Amino acid sequence: MGYEFRVGEQVHCVEPVYCQDKIEFKVDGEVHRVDLESLGSGEYRLTSGCQSRSILMHRDGDRVFLHIDGFDLEIDCENRLDRLRKEARAAHHGGEITAPMPGVVVAVRVEVGESVSDGDPLIVIESMKLQTELAATIAGVVSELPFVEGDNFEKGAVLARLEVPEQDGQK
Amino acid sequence: MNSLFDKVLIANRGEIAVRITRTLRRLGIRSVLAAVSEELDTPAAQAADEVVQLEGCDAVAAYLDADQMIRTAQAAGAGAIHPGYGFLAENADFAEAVTAAGLTFIGPSASVIRLMGDKINSQAFARQHGFSGATLEAEEDDPATFADRVRKFGFPLVIKAAAGGGGRGMQIVRSEAELTGALSLARSEAQRFFGDGRVYVERYIERSRHIEVQILADRHGNCIHVLERECSIQRRFQKLIEECPAPGLPPETRDALYQEAVGIARAAAYEGAGTIEFLFGPDGSFSFLEMNTRLQVEHPVTELVTGIDLVEQQLRVAAGERLSITQEDVSANGHAIECRVCAEDPENDFAPATGRVRRVRLPDPDYVRIDSGIDDGSQVTTLFDSMLMKLCAHGQDRMEAIDRMQSALINTAVLGVKTNTRYLAGVVDHQAFRHGELHTGFLREHADELRQVPDTDTIHAAVLAVALSDRSFLEAINAAPALHRAIGHWRN
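Heads up: the protein sequence lines correspond to chains A and B, in order. Numbered by the working numbering, the letters in the first sequence go through residues 1 to 171 in order. Numbered by the working numbering, the letters in the second sequence go through residues 1001 to 1492 in order.
Honestly, I wouldn't trust all of these hints.
[To be verified] Derived lysine to any residue pairs resembling SDA-like cross-links, with alpha carbons at most 20 Å apart:
#: 1; chain 1: B; residue 1: Lys1007; chain 2: B; residue 2: Gln1068
#: 2; chain 1: A; residue 1: Lys155; chain 2: B; residue 2: Thr1354
#: 3; chain 1: A; residue 1: Lys26; chain 2: B; residue 2: Arg1471
#: 4; chain 1: A; residue 1: Lys22; chain 2: B; residue 2: Asn1478
#: 5; chain 1: A; residue 1: Lys26; chain 2: B; residue 2: Thr1456
#: 6; chain 1: A; residue 1: Lys26; chain 2: B; residue 2: Ser1469
#: 7; chain 1: A; residue 1: Lys26; chain 2: B; residue 2: Thr1458
Hints were generated in silico from the structure; no laboratory data involved. Predicted model, so just to flag it, every value in this text is computed and none were measured.
So here's chain A without its partners, still in its complex pose (with noise of 0.2 Å):
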């Protein structure tokens, strides 16, 4: 099992590898024992054994952008990684509204931690002109809504995630 992920023309597999107490990432067949620190506001700390880097991180949609050893990447999480997000999200009956197109938010109808049904209208995006209304594919909660009125979007941007609260036994 690898996930992919692409940087400028160059496909990078990231594929877990996983030993008794921990799992370690093989890249490109490389083996690498890492860890990541998230210290707020899209910056993090990767360490891996002595080393230790800063990373700047901002995520649009699949659509990485990072400052990393003095470079500015950007990094696209492949195809076939989507697939195991939408795996990975039926499995936890999760709902992701992504941006059909680019475009500028008209209206939020919802807050986080809002509980919504299958249907309910969520936002309400502007694209050439056009309005169209986001509606929630499943029942849940809404545990994210990154952008507010008026702000602009890109293609593939996820304007909303729901998610179901865990049930007993799942975990």
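Fit chain B to the supplied structure of chain A, relying on the hints for placement.
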């Protein structure tokens, strides 16, 4: 009532508009920014006290619309207009119209702008007054013999536009075979870019440097230099990295440059801040290239080293004050370097880059001067210049300035739009740059060594960081049932 101006209109955008508002605020002058609709929410608009929207569907044309700019200033109650650089800054007709409308143009007189704007005339002017103009042949003197006259220079030679300047519309010709074609191309480009097809030719000097002298002059006959700047690191005749002072100049050469620059400015009865550019040959000789009758992009390095606010001086001179600084007051404190951060892709022949800036992280302003026109969420388009910001490092000496610059560049993040920060970091860290072996062909000569690509280790770390910060990735791993205990510490 402010003794200078109560209110000044800024007829510009981006980092230079932000920079001008800083000085206006410090002097207690209200700033009005003229901005097109796309530019109403930029750092420049936020920095200004007032913003007035310019009309017109073509954004660039709006910034070049002299009549509208003057009307806007009058309607806003501004007594003066600061043009920044580019756009209307070196437009003599605009300067004249501003004055005729009863407003103050922050810059020299229209006649000096006109004289220096024509590069053939300004060279003739310098020579007439006994200064070191380059030897040139102008087509207009006798079109029939032009090609023969330029051949006597030998190759390589350089074709320039009379109405050009700032490196725009220049072409190097390396062989006889290229000459005829290059001349006709240069003529048509000059016509297209400047509405003036006149061209002239000079010998092209390989491994030459570009050094310029900052001038300050008032209308009461005071004229001083404010040191020199090294501007040899260029790509396609556009400056990329500048320094103050120029490294390794013999003191007598430096003095001769200052003398000549002040002499030319005096002869032209210059007023305000201006720059005299020189070509500095590998044999130590120099010749006058052109005069820029405005604030230069690279003025911050001079400000860092001398402590003089050049925009303040421009305002004071324009208000009719006498220079309060004497030549003896001007001295160099350490060394400063400027790097121009541009939206471009170094891995794709520096093609212009566009898009939305997702995130900007700037270096510590205690160590670096930041002149930036962008912020989180800024849209970068090809409408305007690709320069997004300038980083300027100041140190006790050149090495300290370089070290600070390099660290500032490495720590600057512009996410969402490709920039040249890593490339610039490689340039200032190059041995030849550190040794001061500078010339206008530097970037071309070292192009291969200056390529910056992340190594495998960096790529692997980047990919792992993306994976491990991705909830879906972690969820997918979590889904492997036998691993619950093992991966406990990844659950947030």
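Hint check results:
1. B:Lys1007 - B:Gln1068: 18 Å, holds
2. A:Lys155 - B:Thr1354: 16 Å, holds
3. A:Lys26 - B:Arg1471: Holds. Lys26 of chain A to Arg1471 of chain B sits at ~19 Å (cutoff 20 Å).
4. A:Lys22 - B:Asn1478: 12 Å, holds
5. A:Lys26 - B:Thr1456: 13 Å, holds
6. A:Lys26 - B:Ser1469: Status holds; Cα separation ~16 Å.
7. A:Lys26 - B:Thr1458: 14 Å, holds
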